[in-house]
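**Student:** Chains A and B are the protein sequences, given in the same order.
Under our numbering, the residue at position 125 of the first sequence is numbered 125, and the numbers go up by one with no gaps.
Under our numbering, the residue at position 91 of the second sequence is numbered 1091, and the numbers go up by one with no gaps.
A couple of the hints might just be wrong.
Which residues of chain A face chain B? A partial, calculated answer using Cβ under 8 Å [claimed, not checked]:
hint : residue
1    : L14
2    : I61
3    : H63
4    : T100
5    : A120
6    : G129
7    : V131
8    : G132
9    : A136
10   : T149
11   : A180
12   : I280
Only part of the chain A face toward chain B is listed, based on derived beta-carbon distances under 10 Å [said to hold, decoys possible]:
hint : residue
13   : Q27
14   : I99
15   : R137
Calculated from the structure, these hints are not laboratory results.
Beta carbons are placed, not taken as given, at the ideal position from N, Cα and C, and that holds for glycine.
Protein chains: 2
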Amino acid sequence: MGAKLPALLTLADLGEDALVARLLRGQPAGADVLTGPGDDCAVIGRPRDRRWQLLKTDCVIEHVHFAPDADPRRVGWKALCRAISDIAAMGGEPRHALITVAVPRTQPVAWLDGLYAGIAKAARKFGVGIVGGETARSPGAVFINVALTGEVERTRCVRRSGGRAGDALYVTGRLGGSLAGKHLDFTPRLAEARWLAAHFLPHAMMDLSDGLAADLQRLACASGCGYSIKSVPVTRGCKSAQAWNDGEDYELLFSIAERASLLLEREWQKAFPRLRLSRIGTLNQLTFGTQPACPPRGYDHFRQTL
Amino acid sequence: MGAKLPALLTLADLGEDALVARLLRGQPAGADVLTGPGDDCAVIGRPRDRRWQLLKTDCVIEHVHFAPDADPRRVGWKALCRAISDIAAMGGEPRHALITVAVPRTQPVAWLDGLYAGIAKAARKFGVGIVGGETARSPGAVFINVALTGEVERTRCVRRSGGRAGDALYVTGRLGGSLAGKHLDFTPRLAEARWLAAHFLPHAMMDLSDGLAADLQRLACASGCGYSIKSVPVTRGCKSAQAWNDGEDYELLFSIAERASLLLEREWQKAFPRLRLSRIGTLNQLTFGTQPACPPRGYDHFRQTL
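Construct the complete structure from the given sequences, taking the supplied hints into account.
**Tutor:** Shown next, in the form of structure tokens:
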């Protein structure tokens, strides 16, 4: 299981990405796996199938992703919409969800009713079937896991790794300040991502969950590119550092051939007049020594730079 | 979201089955759902497809499903094998798994290496591909969720609800005493369940996770039957009450036409000479007033009768 490390090394020393890479090294992949760990979703199917299946799992945890006094309906909405956002980021459509909830024995039933009302609201809005619900007792915090399947046409599947040097980089919406409330109320960019995949087929795409600083690094790294950033759309009342680091924006980050960028911007305005689309920069050749210094790090669960 | 209940009603008042039924009432089901919540797995597909997809999610939690000092390799084995056991109980084969792990920031990386080594061991043995691994920070206990897909031939899919009055009831192995160690080392009855589905097609089947008392009640209730029990195979050194109530046996409980029972017993001995198969009783007509008194309750996460 990876290189020998000091026995007392903890997660805070290693960080999230290095940890996941380490843990998944040497795991059996299985047949029909077109994309394994490391993208927004796993992609399952045979190379020539007309449609591929997408698989995603994601959790929200009390004290980490929501406060104990948060409205449970908003927590339920968030729990399902985070996973929908990942399906969207591959160009796909969500299908079926299974919910796991672990709660202390003293949790009021009314709280769980609220949670499931929020889940049902999101499920109806985005066409998801809730096909399973496990409950367990938690010795402490409330823990909610969502497993979500999706589908994507083979010709519309967008990974993180397809970015090319010279691509124009875009983000939807404005970044930063999610903790003011947006992190519980965001709208996954499902319609926008489907439209992009159908009409412009981005080379690379992902959703922004850990902040532009961390996630841009991931997209560029997966694509084997560097990047230069000119400007970032900042939520009103926020500072630039927040746009880079707060995380939980759930906007789309994508790259597209430079020559398509003018047409994209014009068509986007017609299709989504109320959602800003911002050109933030360019992917470029990764040449040792020329990569700009890393921007401030985004949110890392174990390093907690927030 | 169900009937109006006192606001301070807690999970301990309601119990697990009533809670899940309550929460899932009114949830959107979605297209292609052949079996939704309430069986070992959800079944997805169209009625005439040759193969159907199975979906399962399941969690293990520190202090609830394993002790803090448990060998992490055994915890990883258990986490994946619990879900494999549910796929098996539908007559299916497991395919792809996504793992969610939430751990405190101080968790040694070596512990997680051990956990994933146990997951990999089970994945290789039972032909599962690990296609995703999310990590998050837990504010307290370690939490591991497994989302698992599977497949089953349409003609071999076995639900809980197909039992008929007059069916013979069987369990594999011996029941009780799982806490002595078996709960971390059990073998999901995948080969046995596949063999049963191929050669005898049980009318109803499920895996025993919460104890025979709770699970037999579920199978009988889903099948609209009552039952009478003659005897139960008890683990050496255990009492009868433990066989009914300890839970975490991960053996199969199934019903089959009485006329097939002699042939089944003979063929089973040839196919699985080292695993006991026990006739425990019979499903019968459910007539109001004649149902035998409920046996002692099995394990309920929220009532905690253990």
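**Student:** Next step is simple, just say for each hint if it's right about the structure.
**Tutor:** Hints, verified against the model:
Residue-level restraint check for L14(A) holds (minimum Cβ-Cβ distance to chain B is 6 Å; threshold 8 Å). Annotation: I61(A) was flagged as interfacial toward chain B, and the flag holds, the nearest CB pair being 6 Å apart, inside 8 Å. Evaluation of the H63(A) hint against chain B yields a held restraint, the C-beta minimum of about 4 Å falling below 8 Å. For T100(A), the suggested interface contact is upheld, since its CB lies about 5 Å from the closest CB of chain B, less than 8 Å.
Because the closest C-beta pair between A120(A) and chain B is about 5 Å apart, less than 8 Å, the hint holds. Hint status for G129(A) relative to chain B: holds, with the closest Cβ pair at about 2 Å, below 8 Å. Below 8 Å, beta-carbon pairs count as interface contacts, and V131(A) has one with chain B at about 4 Å; its hint therefore holds. Given the 8 Å rule on beta carbons, the hint for G132(A) holds: about 5 Å separates it from the nearest Cβ of chain B.
At its closest, the beta carbon of A136(A) sits 5 Å from a beta carbon of chain B; the interface hint therefore holds under the 8 Å criterion. Given hint, T149(A) at the interface with chain B, holds; its Cβ is 7 Å from that chain's nearest Cβ, closer than 8 Å. Hint status for A180(A): violated, given a least beta-carbon distance of 22 Å to chain B, over 8 Å. Interface hint at I280(A): violated, since its Cβ lies 26 Å from the closest Cβ of chain B, which is beyond the 8 Å cut-off.
The closest approach between the C-beta of Q27(A) and any C-beta of chain B is roughly 4 Å, which is under the 10 Å cut-off, so the hint is satisfied. Interface restraint check: I99(A) against chain B, minimum CB-CB distance 8 Å, threshold 10 Å, status holds. The closest approach between the C-beta of R137(A) and any C-beta of chain B is roughly 4 Å, which is under the 10 Å cut-off, so the hint is satisfied.
Violated hints for the displayed structure, listed by number in ascending order: 11 and 12.
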